[in-house]
Amino acid sequence: MKSFFSRYTPLQIAIHIYGWSALVRLIVDFYFHHLTANPIQAMEQRTGRHALTLLVLSLLCTPLNNFFGWRELLKRRRALGLYAFMYATIHLIIFMDLDYGFAWSLLLQTVAQKPYIIYGLCTFFLLIPLALTSFDIWKKRLGKNWKRLHQLIYFIAPLAAYHYILSKKGDLFRLQGDLVRPLIYALIIVILLIFRVPPVRRGIASLRDRILLLFKKRTPQPKADPG
Amino acid sequence: MNNNYKSEPIKSSEITSYSQYLSRRDFLKVAGIATGGALLAACAPTVAGTAVPASGASGATSFPVKMDELGSPTNSFEDITNYNNFYEFSETKEAVNPLSKNFKSHPWSVQVYGLVNKPKTYAIEDLLSKFTQEERIYRLRCVEAWSMVIPWTGFTLSSLLKEVEPTSAAKFVRFETLMDTKQFPGQGSPFYPWPYQEGLRLDEAMNDLTILATGLYGQPLPNPDGAPIRVVVPWKYGFKSIKSIVKIELVDTQPQTMWSTIAPDEYGFYSNVNPNRPHPRWSQTSERRIGEFSRRPTLMFNGYAKQVAHLYDGMDLIQSY
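Protein chains in written order, with my numbering: chain A, 794 to 1020; chain B, 26 to 346.
So that you can see chain A by itself, here it is in the shape it has in the complex:
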């Protein structure tokens, strides 16, 4: 047990528990009929929300590190991103298999008729290269291009949110309809992306330094200062 906790940090354990417990809960709820009268739709919606939540959490790591200097978060982005990809995959499989029974003609027709499915598919296909290259060996092999590739997430996350907005009854441009939950996700994503704009990021860094300075002045650190 001791070695377990020395090998894994609490944050790491929490992420893995969330990553798997959501899936376990889904399966349990399916068997105990807690997924409404329309369980397939409920499973689609739940896995979609999990994927988006995990994507948002992975985007949260960098700004949190910038502000609080919590460096461990940077190491956890990979797990969060891969769990997001896992739920996106399950989401897509449920859609194709359980919902449409791999009836290709019906699926193609649906894809052609529903723009939000196209946005969802684009999101998924763009996530694939990120998931595949998330391992250290690829990070080394791709060098500078690795970071460029993974910055695709700045495009993917809003795309995923747009897919969610369009899947609801309503109209984004009139701000009418069932939009509260998808708009909350969209708003968080927009804020997290704004934090990455260089002037904003620098502003946050200097703000952080000033706060730290204030903190240091008030509670002077005992230093081994000769004289």
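It is possible that part of the hints are untrue.
Claimed, not checked - Pair ranges (Cβ atoms, derived):
(1) A/W897 x B/M204: 45 to 53 angstroms
(2) A/D929 x B/T206: 52 to 60 angstroms
(3) A/L857 x B/P289: 39 to 47 angstroms
(4) B/A334 x A/L925: 30 to 38 angstroms
(5) B/P289 x A/A998: 43 to 51 angstroms
(6) A/E865 x B/N127: 42 to 50 angstroms
(7) A/A998 x B/A120: 40 to 48 angstroms
(8) A/E865 x B/A120: 33 to 41 angstroms
(9) B/D205 x A/R974: 22 to 30 angstroms
(10) A/Q944 x B/I343: 42 to 50 angstroms
(11) B/I343 x A/P908: 12 to 20 angstroms
(12) B/F88 x A/W897: 33 to 41 angstroms
These are computed hints drawn from the structure, not numbers from a lab. The C-beta atom is built at its ideal place from N, Cα and C for all residues, glycine as well.
Place chain B on chain A using the hints.
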């Protein structure tokens, strides 16, 4: 019961096409899920005195299953009362039932007015006693591409309209849901143009299929289904069947309706079930019957073409959606 609505025999062609529609692997999968579910459900703790679980997959119904004229069984009372689009309560379908527990559907009155010779406000009791309540087993097709079969009780809208005598100027009927932010928490949301309004052309309203439902499964209309009285127009998408109505107005111009105000490109005034008119977001070519695992093809006018297609003779139903 003197109405033109007759049960139709099941066509053999329809049975064949549907069984072809379900592939073999689907049958196996459904069988597997059903067996697994039954095994696990047997281990689930049962709570005495509470409602049966909200899912139809268990097959548990406290009411006898009936058939519609196409041979489809009615959905369980539990499904019909636990999976509801009723945004006045919640945008979450399964949250509607608990939130509607304390809804006061009595006393209730419905005001019938506008271009009529004899405007009148009816107490719900009057509507129940004055008009013969009959059973109508209808398919309800939601624009979200799911459907149910529901044994409504109610009376034809035409019988009520005949009583108030629409004038020759009356061309449309406008319906309105109760506006009460205390009882309907959802009506506090600025994202919707409350109160909910719907409308029908007068000939649609006078069609024998159009009813005012006051119950289902022989029970008074449950709160999540629009107690105490609602419209049911079975050949149109579910949102046309407005719930908990307090006003029926005869007008001469096409009324504004809730969803066509929110997204006019997607929800037209007519909103007839039409598999040939692609909806921008939900494909309308197929649907999932609640309780079934495979999709089934959507029927023109939700399977009521014989009774209503003549209402739209000469109209382009892709343009006039």
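Here is what the structure says about each hint:
At roughly 47 angstroms, the beta carbons of A/W897 and B/M204 sit within the given window of 45 to 53 angstroms. Separation of A/D929 from B/T206 is about 56 angstroms and conforms to the stated range, judged on CB atoms against 52 to 60 angstroms. At about 43 angstroms, the beta-carbon gap between A/L857 and B/P289 stays in the expected band of 39 to 47 angstroms. Judged by the Cβ atoms, the range 30 to 38 angstroms given for B/A334 and A/L925 is violated: they are separated by roughly 53 angstroms.
Separation of B/P289 from A/A998 is about 47 angstroms and conforms to the stated range, judged on CB atoms against 43 to 51 angstroms. As the Cβ distance of A/E865 to B/N127 is approximately 49 angstroms, the hint placing it in 42 to 50 angstroms holds. In this structure the hint that A/A998 and B/A120 lie 40 to 48 angstroms apart at CB holds, the actual value being about 43 angstroms. Under the hint 33 to 41 angstroms, the C-beta atoms of A/E865 and B/A120, about 38 angstroms apart, fit the expected range.
Between B/D205 and A/R974 the beta carbons are some 24 angstroms apart, a value that agrees with the proposed interval 22 to 30 angstroms. The hinted range of 42 to 50 angstroms is satisfied by A/Q944 and B/I343, whose Cβ atoms lie roughly 43 angstroms apart. One distance hint, 12 to 20 angstroms for the beta-carbon pair B/I343 and A/P908, holds here, with the actual separation near 18 angstroms. At roughly 39 angstroms, the beta carbons of B/F88 and A/W897 sit within the given window of 33 to 41 angstroms.
Of the numbered hints given earlier, the model fails hint 4 alone.
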